[in-house]
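S.K.: For reference, the chains in residue letters:
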Amino acid sequence: MVIYGVALLAGCMMIGLVIGDLLGQLLGINANLGGVGIAMLLLIFVTGYLKTRGKLPDATVSGIKFWNAMYIPIVVAMAASQNVAAAFGGGLVALLGGALAVVLGLAMVPVFAGRRSSSRVAMGADESCPESLTTHVAGR
Amino acid sequence: MLQSLYELVDKYHLVAAFAVIGFTMYLAYWISERFTRGKLHGSAIAIILGLALAYVGGKVTGGSDGLADITLLSGLGLMGGGMLRDLAIIATAYGVRFEEVREAGMRGVMALFAGVVVSFIAGSLVAVGFGYTDPVAITTIGAGTVTYIVGPVTGATLGASSEVVALSIAAGLVKSILTMIATPMAARFIGLDNPRSAMIFGGMIGTTSGVAAGLAATDARLVPYGAMTATFYTGLGILLAPTVLFLAVRGLA
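Protein chains in written order, with this note's numbering: chain G, 1 to 140; chain B, 1 to 253.
Simulated from the structure, these hints should not be mistaken for lab results.
This one's a predicted model, so the numbers in the text were calculated from it and none came from an experiment.
Take the hints with a grain of salt, since some may be wrong.
Listed next, the in silico DMTMM-like pairs over lysine to aspartate or glutamate satisfying Cα-Cα at most 25 Å (straight line) [what the hints assert, rightly or not]: (1) B:59 to B:163; (2) G:55 to B:163; (3) G:51 to B:103; (4) G:51 to B:99; (5) B:39 to B:193.
Build the full structure now, drawing on both the sequences and the hints.
M.R.: Here you go:
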């Protein structure tokens, strides 16, 4: 059933958020430390485990794939509800500080990524592993 | 008649938002194909359209949630809010191979620390350049360029003035919005076309909404990798900014 997939996704999210919250409290910061990332790893492991056991029917998968495919529209809605007016009305310090952070951040990506050719191949291999990818491409 | 229509849309705000965003996507993909021959992704155009509309919405209503402050479009706030956004981000992890994550893992973690520090330095330098000398103010503005959540949290911890806190939030918003726009343009030059560089990108930039939208506009297949590291960024910033980084600023100032 489709709801199994949605529930699996929701369950991973809630467990991840709880762990992230506990991590935050452990470190004494009032924030969720990586809850979403932990939930993503959980989803990768749990769906991988179920798939190798043949216990991940298409209907269940479609419950996850739906939200996967809704990602871009949700991001567009997110963009439309950003406080853009405040960002650009915040004065020169905010504008320059934010811009400099983006420029430096982007410029440092190749520094850390190192060699490029080998990892391109990895992405090619990734393409033969369909599921989440097909929905993205279809949504494009 | 008009009043009841108004009430209806307001009552079913989330459904109305689905329709509005669907139409926006259609328009964006049409523009992409018609005017750029698909060179500029439809999703990139849709995000830029969204941001432009958010600017108009913010100007018209004076609120803080962009277009979602317009009563008829309040569903956008729920659809694009943290809850559904995180659910959709997690869903993108389906089909990701763990080996890919593990291979880039170490570099991703390094990029995380470097990203927080580099952003912080960028913001602090600009603050100093504009004549701020108080370590608390410099740290708060620097923390704001990490993300717009780290700024106010740091400001509250250190006791910064509300004016400085507002500035730090604005700096974080600029970073987030510029990331959405600049990422698809810069992607080719920084080799942002594989899982590894996406994880590093997520760690370097970190602001979740910026990374989420920037990667969506570049190549949606990269989203889970970038999102995975970015999700640790704000927590790490809150950990480092009011403590180690503040001490460093106070030592230097």
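S.K.: Next step is simple, just say for each hint if it's right about the structure.
M.R.: Hints versus structure:
Restraint check: the Cα-Cα separation between residue 59 of chain B and residue 163 of chain B comes to about 20 Å, which is no more than 25 Å; the hinted pair holds. A distance of roughly 56 Å separates the Cα atoms of residue 55 of chain G and residue 163 of chain B; the hinted pair therefore is violated under the 25 Å criterion. For the proposed pair residue 51 of chain G and residue 103 of chain B, the alpha carbon gap of about 22 Å is at most 25 Å, so the pair holds. With a C-alpha separation of about 17 Å, the suggested pairing of residue 51 of chain G with residue 99 of chain B holds against the 25 Å cut-off.
Between residue 39 of chain B and residue 193 of chain B the alpha-carbon distance is near 16 Å, which keeps this suggested pair within the 25 Å criterion.
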